[in-house]
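**Q** Let's have the full structure, built from the sequences with the hints guiding it.
Here the protein sequences come in this chain order: G and B.
Residue numbers for the first sequence follow this note's numbering, so the first one is 24 and each next one is one higher.
Residue numbers for the second sequence follow this note's numbering, so the first one is 6 and each next one is one higher.
No lab work stands behind these hints: they were computed from the structure.
Check the hints yourself; a few may be wrong.
[Unchecked claim] PhoX-like, lysine-lysine: derived pairs with alpha carbons at most 25 Å apart:
(1) G/186 / B/189
(2) B/191 / B/94
(3) G/186 / G/353
(4) G/42 / G/68
(5) B/22 / B/11
(6) G/186 / B/70
(7) B/70 / G/458
(8) B/94 / B/22
(9) G/68 / G/186
(10) G/68 / G/32
(11) B/70 / B/94
(12) B/189 / G/437
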Amino acid sequence: MTATLLDEKTAILITHLTKIVGPDGLISSPAELMVYECDGYTMEKNRPEVVVFPRCTEEIVGVVKACNELGVPFLPRGSGTSLAGGCLPVGGGVIISLARMRKILEVDIRNRYALVEPGVINTWLTNRVKNDGWHYAPDPSSQGACTIGGNVATNSGGPHTLKYGVTVNHILGVELVLPDGRVIQIGGPVEEAPGYDLTGLVVGSEGTFGVVSKVWVRLVRNPQSVRTLLGIFESVDDATRTISEIIGAGIVPAALEMLDNLILGAVEEAFGFGFPLDAGAVLIMEVDGLETGIDDEAARIESIALKNKARKVSRANTEAERMLLWKSRKQAFGAVGRLAPSYCTQDGVVPRTRLPEMLRIMHDISKRHDIRIANIFHAGDGNMHPILLFDERDPAQVQRVMEASHEILDTCLKLGGSVTGEHGIGVEKIDFMPKLFSPDDLMAMTRVRQAFNPTGLCSPGKMLPTAGACSEPAAARQLKPGRRAPH
Amino acid sequence: MSEPQKIDIQGHVVTVKHPATQEELGQMVHAAAQAGQAIYSVGGATRQYLGLPPVNPGIGLCTRKLDRVIDYPARDMTVTVELGMTVAKLREVLAGENQDLPIDCPDPSRATLGGLLATNGSGSRRHGYGTLRDYLLGLTVIDDHGRPTKSGGRVVKNVAGYDMGKLHIGALGTLGPLVQATFKLKPRPEATALSLVPLAPDQLEAFANQMNQGQTRPIVIDLLSAGAAREFARLAGQTLPREGWHGLVGFDGAEMAVRWQLQTLRDELRSLAAGEVLELVSHAGAWEALTALGGPRGTTGLRAGVLPGESVGLARSLETWAPASGVVAHLGAGIINAWGDPDTSREPLLGQVERLRHQAQPKRLQDQAQPKGGWLVVTRSGPTARDARMVFGSARQDHPLMAEIKRQLDPGCLFNPGRYLTDL
Ligand SMILES: Cc1cc2nc3c(=O)[nH]c(=O)nc-3n(C[C@H](O)[C@H](O)[C@H](O)COP(=O)(O)OP(=O)(O)OC[C@H]3O[C@@H](n4cnc5c(N)ncnc54)[C@H](O)[C@@H]3O)c2cc1C
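**A** In structure tokens, the structure reads:
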């Protein structure tokens, strides 16, 4: 296709879309589009033709229908905090940003649910109901920025999902604009309507089944009491053995998070919590529940930590101290910039008892590839987020980061785990799908995608290696890390 | 034990085969597909009364011989098993490590895990523990070519690929035979307690509201009609101090916490209870009785879902719907089970059911064009013939999409044809 033809098509597209969302409801100049070339995964980039900002379901429908008429690919986007390239517009086209659909439509405490628009920021919901003593449980570390729609699409987890479950355990239903523009309600505030659990299927489908335009979420009562402990360890090994032992002892903590020495330094510089800089690792260990008996549980955890050579176990004595501790944890990614100009976060999972072994292998991988790796993660789930530190300007380093990442993820598979616990496959891990699943497994998934998204125009090039238009694998290959995609 | 060669599925007798391995089951599916025969999946045959009768001639494929433990890394709190295993056998295996899959199943020594998944079985403890969708980590299903297809994995957190397992939970086997799964597990609690609270008929709503805001954190918040309470007491070997409606509240956890909650509940309900509260502490028989209440009773069974806040109203209607009725309402989830011996000579079952179905629509949503609310399913219908309208009610918005998924995964309509919603 020549440049002029492409431009002509884009011009028609913009005219069409302007009629639907108005001139202030879309952007299309290259400068403005730059932000939308990638999301939190910055290793691959591609520019969309247009970004639209619908205000309601009807406008989403209009946009989706226009894209279908013109044969243009489209994909939904929340806040763009995806770490797997879920928002990468493979093949260009239209990004449907949900940033203007941010209303909490209904809060019904008696019936334990809320109905929200997809662009509502995760923490807003908890802030809205906290005075009633309730909260929305899934709490990704990015919760101050990411949207509930994005959480639904990626089935997000967070520190407290160890006890309370991930996003799918808290979604009752959605309104979905299907890739052909039909609007359907799946599930709803009443549980278990007869029929297939399409809600469970749509959660985690990474935007490939359509645009989620409303979400019914479950609300959870706050625990009566909380105890937050900080364990300080000489080595990562001692910390990970503590984790395995706590879980193995049948204790279900509310959260169990690990930070290693490298990340501690950065976090301490940023937030000044008072972490000891010479510690090999720290564990944030939280238990919650009834006041009666909670100190016993905290004491059991403390003694397991001490048995595993913790230098010290202390308690957050005030709510302010506890909040600062969690702030240090949740905003730690923001501090990583202090360690290196660029970083790449991985999301591997291993069975929890294999954590000590995995961390030892990771240490070795870091040394062999000469790439520094910081670790901060949801340890209780066996879900690791090694952060590979590098300088984007050095192609040799980028290459080594890729190799080290792949080796880490391959090791997770070898130990019986997965390549993604919560960030998703996106474009980043698409090559791993054939390692995780047989061609027959993938065929079954492809068939399900066919039912929702037969033309493949919605979020092409995501999740499944062979799905969507037949030119996709080639297109995806062009987008190799570190290089900008041809526009 | 010799395996039955024939099985009666809602009046249709089919020949049953008993594959010894997953591969053999796959080959049988393949052969049936080639021969154009339908496949009816059979586990312990405890719940074949659900759904609709078969429509096409075919064979039964029984999974019961597939009952191996594939992997049980107890310290990871997960287990991978074949799904012909009975629920009781899994319980036994897990008890050895003081762990459990906390999903209630009324007939555990016969029911298989595959059947439990296909019917999305759940009971009173769902309030505290959730349902199977919260425990299934990975699943292997035989596809329409007889090939195993898996999704998910064996670790507790994993978002690689579509969560196909969710699709099969409660699908009544219409998307293929389920052969292997990995479940997340829970530690068994140190102590348990059930508190049976007699309630005057005008205090039911107050009880429900109190339980939603009280200080305790129960794992069971049920409301039992007089008939259900009587049945519960009989099964648990207890005598009820008083007839009538009862609240049934369950706790588990550390012993100290359970004791504190019993006391707190007593204090909170002092003005509500209509008589003496019966407390059953760490009483295994009482829990078994409660679970058994979910089994078939009376000639006819109904199951309904409404907003939690509407469940008392519907529970009352269900209590008076038929003679010899029993109603168990799970108040936290708004899921209600009822049984009885309705008189169908005066009004056909369909008419009775449709009236109740209308009531299952939450009042404030009733007049909206698209009812978002309740549903009511006829689980058992005695001698009355079953059809989709009577059993499930009218189709919802998302049914065409379900039908499309069925067409994609089972284009030849091999698996349990006719047994679920129309088109599935
Ligand atoms: C610092 C940091 C910390 C993080 N911590 C966590 C964590 O603890 N746990 C965790 O799980 N993740 C974490 N993430 C990843 C990310 O925040 C989550 O995946 C989040 O759910 C994405 O939400 P979003 O609104 O930014 O979605 P986006 O990034 O905009 O989109 C993500 C995917 O969802 C799709 N999507 C978005 N909205 C919709 C919609 N309305 N309908 C259909 N599809 C849609 C997109 O197409 C894309 O595929 C973290 C990210 C960062 C940057």
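**Q** If you draw a straight line from the CA of residue 186 of chain G to the CA of residue 70 of chain B, is it 25 Å or shorter?
**A** violated (35 Å)
**Q** Measure nothing beyond the straight line between the CA atoms of residue 94 of chain B and residue 22 of chain B; if it is 25 Å or shorter, mark the hint as holding.
**A** holds (22 Å)
**Q** CA of residue 70 of chain B to CA of residue 458 of chain G, is that 25 Å or under?
**A** The given pair, whose Cα atoms are some 30 Å apart, is violated under the 25 Å limit.
**Q** Taking only the CA atoms, is the gap from residue 22 of chain B to residue 11 of chain B under or equal to 25 Å?
**A** holds (9 Å)
**Q** Going straight from one Cα to the other, do residue 42 of chain G and residue 68 of chain G come out at no more than 25 Å?
**A** Between residue 42 of chain G and residue 68 of chain G the Cα gap is close to 29 Å, so the pair fails against 25 Å, i.e. violated.
**Q** Hint check: residue 189 of chain B vs residue 437 of chain G, CA-CA at most 25 Å. Holds or violated?
**A** Roughly 20 Å separates the two Cα atoms, so the pair holds.
**Q** Given the hint that residue 186 of chain G pairs with residue 189 of chain B, test it: the Cα-Cα distance must not exceed 25 Å.
**A** This hinted pair holds, its Cα atoms lying about 12 Å apart.
**Q** Straight-line Cα separation of residue 68 of chain G and residue 186 of chain G no greater than 25 Å?
**A** violated (36 Å)
**Q** Given the hinted pair residue 191 of chain B and residue 94 of chain B, is their Cα-Cα distance within 25 Å?
**A** holds (16 Å)
**Q** Has the given pair, residue 70 of chain B with residue 94 of chain B, been kept, meaning a C-alpha gap of at most 25 Å?
**A** holds (13 Å)
**Q** Starting from residue 186 of chain G, check that the Cα of residue 353 of chain G is at most 25 Å away, please.
**A** holds (17 Å)
**Q** Would the hint linking residue 68 of chain G and residue 32 of chain G be met if the CA-CA limit is 25 Å?
**A** Status holds; Cα separation ~22 Å.
Consistency note: the structure conflicts with the earlier hints numbered 4, 6, 7 and 9.
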